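Since the structure of chain A is provided, determine the placement of chains B, C, D, E and F with the ligands on it from the hints.
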Amino acid sequence: MTENAGGESKGNTPQGNVENLMDIRDIPAERLLDEVTKIHFDEWRLVQICATKIAENRYEILYTFGKGYDWKNLRITVSHEDKVSSITSIYEVAYLYENEIHDLFGIEIDMMNYDFRGKLFRTGVPHPFA
Amino acid sequence: MQIIEFLIFFPFVIAAILYLLGNSERVYPVRKFIVKGAAFLIMAAVIYLAVRVLRGQMVRTYLEKADTANDFVMAGELFLMCLVTFYSFRFRKILAALLSWIGTIPILWLELSGRAAEGTDHFKFDNLTVLMCLVVGIVGGFITIYAIGYIKDYHLRHPKFPERSNWFLAMLFVFLGAMFGLLFSDNLGWIYFFWEITSVCSFLLIGYNREKESIENSFKALWMNLLGGDAFMAGILYASLALHVGTLSDLQQVDNRAVPGVMIVVSLLAFAALTKSAQLPFNGWLLGAMVAPTPTSALLHSATMVKAGVYLLIRLAPLMQGTLTGVMVTLIGGFTFFAASLMAIATSDGKRVLAHSTVSNLGLIVACAGVGRPESVWAGTMLILFHAVSKSLMFMTVGAVENASGSRNIEDMHGLIVKLPRLAVVMIIGICGMYLAPFGMLVAKWAALKSYIDSGAVWLVLFLVFGTASTSFYWGKWLGKIFAVIHKSQALKDTTHNGEWQALYPLAAMVIAMCFGFPLISNYIVQPVLNQMFHTEVEPVIGGSDIAVMLLMLILVATLPVAGGIISRNRRGITDQNTRSYMSGINAGDDRHFLNAYGDAQPLYMANWYMIDLIGELKIMKPCLAIAAGILVIMLTIIIGGAI
Amino acid sequence: MLQSVLLGFIFFLLAPVCGAIISGADRFLGARMQRRQGPTIVQPFYDLYKFFQKKAYIVNGLQDFLVIGHLMFVMLSGWIIYAGQDILLAVFSLTLAEMFLCLAAFSASAPYSNMSAQRELLQMTCTEPMLLLMAIGFYLHAGSFLVSDMVLGKMPAIVSCPGMFAGFLIILVIELRKSPFDVSSSHHAHQEMVKGITTDISGKLMGWVELAEWNEIFLMFTFVGLFFVCSNPWSILWAILAGAGAMFLMTLIDNTFPRVKWERMLTIVWSSTFIFAGGNLLVLMLLKG
Amino acid sequence: MKMSQSPWMLHYDGSSCNGCDIEVLASTTPVYDLERFGIINTGDPKHADIFLITGGINYQNRSVVQQLYSQMPDPKVVVAVGICACDGGIFKDCYNILGGVDKVIPVDVYVPGCAARPESIIDGVVRALDLLEIKRDRMRRGLSPEEQGWAIANINEGRTGKAVRKRDESVSGGNKA
Amino acid sequence: MADNSIKKISIVPFGPQHPVLPEPIHLDLVLQDEKVIDALPSIGFVHRGLEKLVEKRDFQDFVLVAERTCGICSFGHGLGYVEAVEKIMHLETTPRTKYLRTMWAELGRMHNHLMWLGLLADAFGFESLFMETWRLREKVLDLLELTTGGRVIFSVNKVGGLRKDVTKGMLDTIMAGMTVLTKECRVATDTFLGDRDVQSRMRGVGRLSPERAEELGCCGPFLRASGVRRDLRLLGYEAYGELQFEPIVSFDGDCYARCEVRIKELYQSMDLVRQCIEKMPDGPIEVPVKGNPNGEYMARIEQPRGEALYYVKANGTKFLTRYRNRTPTYSNIPGLVETIKGAELADVAMMILTIDPCISCTER
Amino acid sequence: MSTLNYLGQSLKNLFSRPATENYPAKPHIYEERYRGHIENDISRCILCGNCMRHCPSSAITVSKAEYTWRIRPFSCVQCNECVEVCPVKCLSMVNAPTKPGTQKSIIVNRYSSEQIAVEQERQKAIAERIAKAKAAAAAKSPNPADTAQASKENKSCV
Ligand code: NFV
Ligand code: SF4
Ligand code: SF4
Ligand code: SF4
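Chains as they are written, first to last, in the numbering used here: chain A, 1 to 130; chain B, 1 to 644; chain C, 1 to 289; chain D, 1 to 177; chain E, 1 to 364; chain F, 1 to 158.
If we strip away everything but chain A, and leave its shape as in the complex, we get (with noise of 0.2 angstroms):
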């Protein structure tokens, strides 16, 4: 996992020089669900998943995996239009995650197991971050 690819990262992000410090890994958006079964059968539990803006319709999504004191992240990057499939088949737990990421960010996430219907947080002003 330490083979991650400083410049994929820095591909993706706007200012091009962000320094990371963490152990990011960053994959096509189609090829999460295949990672994510991966690294549940070695026994690691979901941490968080976070979403970013980066750019105008251009979000980052990162998903963290913890073991012990071990962490790890898988990086996605995804726009509206995307469909992101839901990993609550896996990690039953990210449904308030992946919630969240609906409601903030606008970003439509398939299957969740409970899906809140953009009504978790039920702000104001829809999709703030978006």
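The reader is advised that the hints may include incorrect statements.
[What the hints assert, rightly or not] Where chain B lies over chain D, by a calculated footprint (3+ residues, C-beta under 8 angstroms):
(1) 42 to 48
(2) 128 to 141
[Stated by the list, open to error] Label-pair restraints from in silico Cβ distances:
(3) B:V425 with E:E211: 55 to 65 angstroms
(4) A:D82 with E:T182: 55 to 65 angstroms
(5) F:K12 with B:A563: 46 to 56 angstroms
(6) A:V125 with C:I268: 49 to 59 angstroms
(7) E:K341 with A:I90: 13 to 23 angstroms
(8) A:K67 with E:E92: 27 to 37 angstroms
(9) E:D142 with A:E108: 49 to 59 angstroms
(10) E:D172 with A:K67: 39 to 49 angstroms
(11) B:F79 with E:D38: 53 to 63 angstroms
(12) C:G143 with B:G37: 18 to 28 angstroms
(13) A:Y69 with E:E92: 39 to 49 angstroms
(14) B:V259 with C:L286: 28 to 38 angstroms
In case anyone wonders, no lab produced these hints; they're calculated from the structure.
These figures come from a predicted structure and were not determined experimentally.
For glycine and all other residues, C-beta sits at the position ideal for the given N, C-alpha and C.
Just chains B, C, D, E and F with the ligands now, kept in the frame of chain A:
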């Protein structure tokens, strides 16, 4: 006394007519007319009888020689046996047939061999008879009236059942006739005959739907009742052969200290009575009987038939006082009272709750009879009266609610006071009559408690106090369901027939009237019963100041609606504004919805407590049956063994 | 007769005052046990006054009527006791009163009112056997259910009914809505039932409930006192002392126990009723022969 | 006797950071002991006279606050505890914060502080007691709520989920503008 | 026709306004009698959206916002944010700063745990115990106020160091305070752990197995009570690497175990505070900060309720791109929902409390 | 395991003095470091607006034109940030909290008339200097950037 013959035969005649009329649409008006007319005639007759007897304060025996009638009775018994045999073979339930043979053949043998002890008169009536007649005649009359409308709706709602309403109504009348026969007979053999008619009647009525479940349950009822009948038969045999006693009144004359064998008879008869009034190991049949259409439940299983058992026990009460039989009966009664009321808590089907409650209340009466002291008999008699009226009212209201709203589940009666206000009020009266303070049952309970203490029965007292507590729980939550006012809910269409109202209103009025009139009832009806039974002037059971206090309570309750009306009129005085109920601050616009986790309006649903895991039927029924059966077997062994 | 009727009216005078003082003292002592300064002892009067100053927001038209019924029957049972009438009827009347309150809660058809009404019913189920047994104990002691016979007896009832007294103290905790048995509604702020059966009762209406509660409190301490009075006039002093002691005990218990769950409450109360009161009953009946 | 000798309080946590919240709770505990003033911390709006709100109003809790307010019987006072409750505080620029409590219900006393000290809360409550008395008098004189200067939040009818959302959005537009 | 036609399920709202909930959280409870057969949480009553404020406040000032995420673990929030930024900027703070931060963090844990104990006592209806623990908590708050100038919001952290130093006298006062507290807490904590009636409420209630707890992503005392030994303080951030302590675990996984863990942590914190004071080095309390951060980092610290993550993504300007805070309660909520199912209504409040929920943290 | 664990404590509490501070009757003494409210020694304030820019809850408004420094105490979260950024340290955090009020008050600190006079004087002088410099610069080379530079320098050295 032609009136007695009238009361016994007239219902049979009406039954025959009703049956022959068939049940095409055309005959409905005629049938309605006949049933109503017959019911009112019966009521008039019992009232007439009651007035005459009460004014005369007399005990009359009657009909010394009745050979033709005896033959008739024998033929009847044979017929019943054949009927039972037929049905048992048809539905492959041989147990019932066996029990029937065991019960009938010895009796026939006894009669034919001429060994039957000759009693004096075959008929006898005293104040207790009259009191029971009033119950059977008046409550039964109203129930038949109610039944006409009910059964029509019933078939509308359940088109899958074959319509046999003519047969249904006919059976009700057959039953009434049998009941009168049972009450008036003094001859044990005759009592047995009528006893068996009621058993078979109830069997037929329970199986009315001819569904799998109802057939099962009807046979359950049949075999339990026949088992009781067999015990009855054994009692008659022993009485005739060993004691040469053939009538109930002769049996009562026997000194139980001098002739210990009499206790065997009493115990056997008591056993029969326990089955008939569905005491604990035998409560199953009454619960199963709830599949029958409501009038059946009301008539057979609350107001009258089950009362036959306690009636017999009350007759035997003086004999049981202070004996082991008495102990057995009180134990079973007390335990039933407690256990059945627990099970009622864990039940939500309205009729089933009523069934449990019936069993439980009968337990109380049985215990009263078992104690056998004047106060306890007083209490038992009062309980029979109040229970019959209130409970049949309850049954009929539940039936009407079921017809109007499609469910008799208590949970669905949420907000009944808004949905079906008239029925709700009647139901409230019925429930209050069943257990709340100033109403009749409580008065009787007061006396029962007193007599239990005086008799020194610690267990009984404990059963009573704990049972009373659980009783208030299940009635209380039912009452609560009715009272729940749901914001903006609409009244349902009240489909209750006029005929049904004609039964409901008078009965409701009777509950109230009896509450106010209980001192009078006590003085003029019940007190004489005691005097006759114990052959002394029994002191008034309930004292003057107590009556005053009870009446005061009643008056308070009665003035409450008035006070409430005044308050509501001057609403500004007390209350100012309607607001929403408290739902943690997320009512969604009204009192019926809240915003749920998904942010949608979620209908609120409030269910009652049932404590299924603690006291559900599945949980405690079996242990209770085992305990009760254990008590019965052990006590019977001791009693019979001891006497022999 | 007239005399006893008039005697009964003493209750109407005493109950509100004493009931309020008792609950005020309880609040004061309770606060001190929590190391707080706490309100003054007359605080309940302020509360009641406050309630009557407020508007009442009702959720339906049945509530006020049911609440008034509650008050009336609590007062009636007090009257019955003080008029020297039948104690069993007083207990029945109290049950009826409680039922009215439950119905008031049920009628709101709101989640917390409803749930606590169920719990209240359960509490009634818990207390009723003991109340009845207490009446029975008095009956066995005095030979009659009449309170007047009892207070004129030679010996105070505590002599023959110590078990009843112990059992009664346990249900007293329930009746006064004290921890550990305050499952249906509590005087403490934080309870899963919000404010229990009174959740949907507000303003003036709540004032009536409060008044009824004082009556009830006083009635309960009257029961405590009844165990101690006899024909000796000094026994009244003992009764008052016993009442004060019981009150202190209740406050102390309130502050030393967590709330129990209903199942445990039911088992504790029923079994203690069964053991204390039932045992006492057995002994009394054996003694009587 | 004054009705302000027995003010019962209802505490609701709006969008606070908990700081003021626990301070409100702390003021009922031994060191500060609000019960000295006859105050009971009740959880039931229907028994409450003083509505203590901590934290600002956001789009989800605003109907809750309004509803609780409308369920409190008159006379009643509202005390906004903490800067957040006064005007949104440090969060007032957040997208989901409408502002202080006075955006949705009339506030009678503002208690400043981040977090508001228990002493300040006591001051604020004592201040509110006088207002309670005044309001009672006004109510007695039969002034309508409008004349008394209170806007009764009329939120009782017709607000199922969707309706709430719609109305909130329209209001939010107005507020932000 | 045995009772199968029964409808015995109530659906009731629990919260947002509810006396046992100090904070608004909402649960749809599906009850049978009083047994919870299903529960669905909803959050958002406290959602403010403060993460987005990073785009408007400069990264130095934002620590003031970050610590106002929550008034209970406010110190930790400040600390976490500051750590992340410092890491991105390659700042190494002074030793004294580290020790002071550690001390305050532990004091914060103490006040949190005492507060929690009180609320727990209240949830099972033991009011006097609530009063007692909160009385003790006031003493911790006094120490915090003395040193930082705030009772719940401390505002002492800043990127690169601290805003305030602590005098020798203050340290002595804290030391003395610890002694008093260690003594005075005994009665209360003994009641929690030893009283039979209290135990009857907590033992066996809300069991969670270690495997399940891991699976549900639980953390902090909630997790440790299920027997998983994970305490992020072992990572040795700030001064923790130099202090002696052993994470506290308990194995039953029920409410009692959670209570036990927290009580032991309370005493552990007292000990850690003492150690900090004893080892407190002298020296400056801040290092100069130059330029703006650029990079991303996810700091993680052990908050009173468990592991908290602070993800900061900076872009070289004084406004950050993204600040995200995943709080322990957030990841404990699935565990809570799991334990509530099958509990009794009377336990729900207690169960909610045993995860020590902090909704302001959760919803930010 | 034991019962009645807390009995002793309850009784002990009953007979010991309550822990309650009798607050309004007995005034509270605030810790020295306690962050109560902000006060401005307006005579030293130079109305630079630094505090306004850094205030996280926008409680301060500084208006050079009106010679006022306003604070809304009901918006101030007492974070002490303004005190730290003030270049002349004229702000101070006072350890008594603001009293609750029925209105959200605003405290306005305005220059005294002498101060205003002095300030106006200085402004005028500066303006003159700038005008002069501008004229000079315009005479030399018309470079707007320089002018801006100059004016900025002027400002900061005031
Ligand atoms: N501990 C803690 Fe927090 C954080 N981070 C969490 O849920 O309290 Ni408000
Ligand atoms: S005012 Fe401060 S302490 Fe109070 S809730 Fe708001 S941010 Fe928290
Ligand atoms: S920072 Fe200081 S000098 Fe500048 S305006 Fe603010 S108070 Fe005045
Ligand atoms: S203390 Fe903080 S909030 Fe208050 S004025 Fe200063 S910078 Fe603004």
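- prompt: Are there three or more residues in the segment 128 to 141 of chain D whose C-beta lies within less than 8 angstroms of some C-beta in chain B?
  reply: violated (count 0)
- prompt: Would you say the C-beta atoms of K12 of chain F and A563 of chain B sit inside 46 to 56 angstroms of each other?
  reply: 50 angstroms, holds
- request: Return holds or violated for the Cβ distance of F79 of chain B and D38 of chain E against the range 53 to 63 angstroms.
  value: 59 angstroms, holds
query: Per the hint of 39 to 49 angstroms, is the separation of the Cβ atoms of Y69 of chain A and E92 of chain E within bounds?
result: 21 angstroms, violated
message: Quick check: does the Cβ-Cβ distance between V259 of chain B and L286 of chain C fall within 28 to 38 angstroms?
response: The hinted range 28 to 38 angstroms holds for V259 of chain B and L286 of chain C, with Cβ atoms some 31 angstroms apart.
Distance restraint hint 55 to 65 angstroms, applied to the beta-carbon atoms of D82 of chain A and T182 of chain E: 57 angstroms, holds
query: Lying within 49 to 59 angstroms: is that true of the beta-carbon distance D142 of chain E to E108 of chain A?
result: Distance hint for D142 of chain E, E108 of chain A holds at roughly 52 angstroms.
- request: Test coverage of the segment 42 to 48 of chain D by chain B using CB-CB distances below 8 angstroms; three residues minimum.
  value: Check passed, 3 qualifying residues.
task: Go ahead and decide if the range 55 to 65 angstroms is satisfied by the Cβ distance of V425 of chain B to E211 of chain E.
output: 58 angstroms, holds
query: Does the Cβ-Cβ separation between K67 of chain A and E92 of chain E fall within 27 to 37 angstroms?
result: The hinted range 27 to 37 angstroms holds for K67 of chain A and E92 of chain E, with Cβ atoms some 28 angstroms apart.
- request: Just tell me: holds or violated, for the beta carbon distance of G143 of chain C and G37 of chain B against 18 to 28 angstroms?
  value: With Cβ atoms ~55 angstroms apart, the hint is violated.
- prompt: For the pair K341 of chain E and I90 of chain A, does the Cβ-Cβ distance stay inside 13 to 23 angstroms?
  reply: The hint (13 to 23 angstroms, Cβ to Cβ) holds, given that K341 of chain E and I90 of chain A are roughly 22 angstroms apart.
Checked against the numbered hints given earlier, the structure breaks hints 2, 12 and 13 and satisfies all the rest.
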